Amino acid sequence: MITLEKVWFTYTPNGPYLLLNLNLTINDGDYISVVGDNGSGKTTLMKLLLHSLAPSKGTIVSTFRKPVYVPQRFENLNTQFPITVYEVLNCYRKTLKIKEKDSIFHSLEQVNMCAYSQSLIGTLSGGQCQRIFIARALMGQPDVLILDEPSNGVDLKSQSEIYQIIKKINRSDKVTVISVEHNLKAAMENSTRIYHLSQGHGHFCSPEEYMQEYLLSNARSDRYAAL
Amino acid sequence: MLHYSFMQNAVLVAILLAILCPLIGMFLVLRRYSMIGDTLSHASLAGVAVGLVTNTNPIISSFLATSLFGIIIEILREHFKRYAELILVIVLSLSVGIAITIISAGAVHTNVEMYLFGSILTVSRSDLYTVLILSAISLATVAVLYHQLVFITFDEEGAKIAGIQTKLINYIFSVLVAATISVAIRIVGLLVISSLISLPVATALQIGKGFKLTLLFSILFSFIDIILGLMISFWINAAPGGVTALISVFLLVSTLLFKKLYFTSIAVTE
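Protein sequences, first through last, are from chains Y and Z. Quick note: the first sequence uses numbering that gives the first Met the number 0, first residue 0, plus one each step. Quick note: the second sequence uses numbering that gives the first Met the number 0, first residue 0, plus one each step.
Same shape as in the complex, but just chain Y (with noise of 0.2 Å):
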């Protein structure tokens, strides 16, 4: 369970501020998807819940002990680096410090990667580069799992084998799952609730909700658009 208490966040001494007062509370076995328009402090929420951003003012508490992150797949990635998926899931198993050399298949069997190992990271699609890099998280037996827009820059029919992929490790493997989505439709179909941000404010949703609420403030642009 992770709990934020008041938590604001600024990333310059004097404000402005980012994140305005959040208080949620994500439970054990949670599918989390976070939502919201560009800008309104999705990244920085998910750097606070990996700790790697302390909040400025207010708390967070965490019981999770090993949390994963699973990074945007067009954001970094060269695909020219010369690497290959076993030597990317080894350096990671070396990392961690896991004795198990089948630890490595054993991941790439959960996302049914097995037949790339020997693969160059750069030859593969990005819905298979996507579910390595879920692969290189699930090695570290994580008990919450952080996406960053994890059907970005997939195809269609990839984006559904990932999500079973997420859906399975979720409610089989009872890991908790907090994801940033652009994808709508991936949100409303999976997740359990919806977080959504909006201009520094936050609150959970249902995807019904969510839709409403959606359709409200695209109706409200069109008007200004109109004007």
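Any given hint could be a false lead.
Claimed, not checked - Covered by chain Y, according to a simulated footprint, are these stretches of chain Z (three or more residues, beta-carbon under 8 Å):
{"#": "1", "segment": "145 to 151"}
{"#": "2", "segment": "161 to 171"}
To be verified - Label pairs and their computed distance ranges (CB to CB):
{"#": "3", "chain 1": "Z", "residue 1": "Ile-231", "chain 2": "Y", "residue 2": "Gln-140", "range": "34 to 40 Å"}
{"#": "4", "chain 1": "Y", "residue 1": "Cys-113", "chain 2": "Z", "residue 2": "Gly-96", "range": "54 to 60 Å"}
{"#": "5", "chain 1": "Y", "residue 1": "Lys-167", "chain 2": "Z", "residue 2": "Arg-31", "range": "36 to 42 Å"}
{"#": "6", "chain 1": "Z", "residue 1": "Val-111", "chain 2": "Y", "residue 2": "Gly-38", "range": "54 to 60 Å"}
{"#": "7", "chain 1": "Y", "residue 1": "Thr-58", "chain 2": "Z", "residue 2": "Val-95", "range": "48 to 54 Å"}
{"#": "8", "chain 1": "Z", "residue 1": "Glu-155", "chain 2": "Y", "residue 2": "Ser-61", "range": "40 to 46 Å"}
{"#": "9", "chain 1": "Z", "residue 1": "Glu-155", "chain 2": "Y", "residue 2": "Leu-155", "range": "29 to 35 Å"}
{"#": "10", "chain 1": "Z", "residue 1": "Lys-159", "chain 2": "Y", "residue 2": "Ile-59", "range": "16 to 22 Å"}
Just so you know, these hints were derived from the structure itself, not from any lab. Since this is a predicted model, take the numbers as computed values, not measurements. Cβ coordinates follow ideal geometry from the N, Cα and C atoms, glycine included.
Following the hints, put chain Z in place on chain Y, whose structure we already have.
Chain Z alone, transformed into the frame defined by chain Y:
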């Protein structure tokens, strides 16, 4: 050729260099830091100059000075995040400034040329021991940190989140680069060290394999570069630095041509 004792020393140092340079170069090139290697090798001239003036072993003094400049680069990187190349200009100004001032003021009574261009004749026994110790420590450090270095090079953000102390390792790595450069000064000279650090890696990247194989190929290529460089420079009586640099470029271009011809011939047969 090998019955000259100076040549034996030179070949021994060359073999160590053939392993060490691409090993460090692999991480530098893949992190897009090849220019840092080049800057530090020029910066080592300041260390050589200080060593010659104070009568200390120039390998040791250049190692200390280059480590210091490497650490300065790491510190400045925090301040100039978006202008990494600016840092190199700052460090070059400082280091080459120190070197030129000392040398041009006439304080150095030895010939500086051999440190710029490299020389086979000057590798003494004591140099050999210094080089052996520095290489052994560097190789051992890379062996211990290998997987963490691969992780940081591939995905620095991910490495940080996985709990690797990336800052500390970056500092250690700067010192490793400094050690490699000071080891290489005697043979190839500081002007063209980066040809030995970057070019074998650039050649190996053309083969398109995983990390370990690319690394092994770059060691093979650097071995060819430096041994051929030593032999040819011995025969034509030129400084080994220039010849080695030329061979490394030649090897890269040949690989590129071979690759192009090979793939064209495959396309034709298909």
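Does the Cβ-Cβ separation between Thr-58 (chain Y) and Val-95 (chain Z) fall within 48 to 54 Å?
About 52 Å separates the Cβ atoms of Thr-58 (chain Y) and Val-95 (chain Z), which means 48 to 54 Å holds.
With respect to the beta-carbon atoms only, verify the hint that Ile-231 (chain Z) and Gln-140 (chain Y) lie 34 to 40 Å apart.
Since Ile-231 (chain Z) and Gln-140 (chain Y) have Cβ atoms about 56 Å apart, the given range 34 to 40 Å is violated.
Status of the given 16 to 22 Å range, CB of Ile-59 (chain Y) versus CB of Lys-159 (chain Z)
Hint holds: Cβ distance 19 Å, inside 16 to 22 Å.
Hint check for Ser-61 (chain Y) and Glu-155 (chain Z) - Cβ pair distance inside 40 to 46 Å
Check failed, 24 Å falls outside 40 to 46 Å.
29 to 35 Å as the expected CB spacing between Leu-155 (chain Y) and Glu-155 (chain Z), which holds or is violated
32 Å, holds
Verdict on chain Y covering the segment 145 to 151 of chain Z, where coverage means 3 or more residues with a C-beta closer than 8 Å:
holds (count 4)
Has the hinted range 36 to 42 Å been met by the Cβ atoms of Lys-167 (chain Y) and Arg-31 (chain Z)?
Cβ of Lys-167 (chain Y) to Cβ of Arg-31 (chain Z): about 38 Å, so the range 36 to 42 Å holds.
Lying within 54 to 60 Å: is that true of the beta-carbon distance Val-111 (chain Z) to Gly-38 (chain Y)?
56 Å, holds
Coverage claim, chain Y over the segment 161 to 171 of chain Z, checked by counting residues with Cβ within 8 Å (three needed):
holds (count 3)
Has the hinted range 54 to 60 Å been met by the Cβ atoms of Cys-113 (chain Y) and Gly-96 (chain Z)?
About 57 Å separates the Cβ atoms of Cys-113 (chain Y) and Gly-96 (chain Z), which means 54 to 60 Å holds.
This entry does not satisfy hints 3, 8, going by the numbered hints stated previously.
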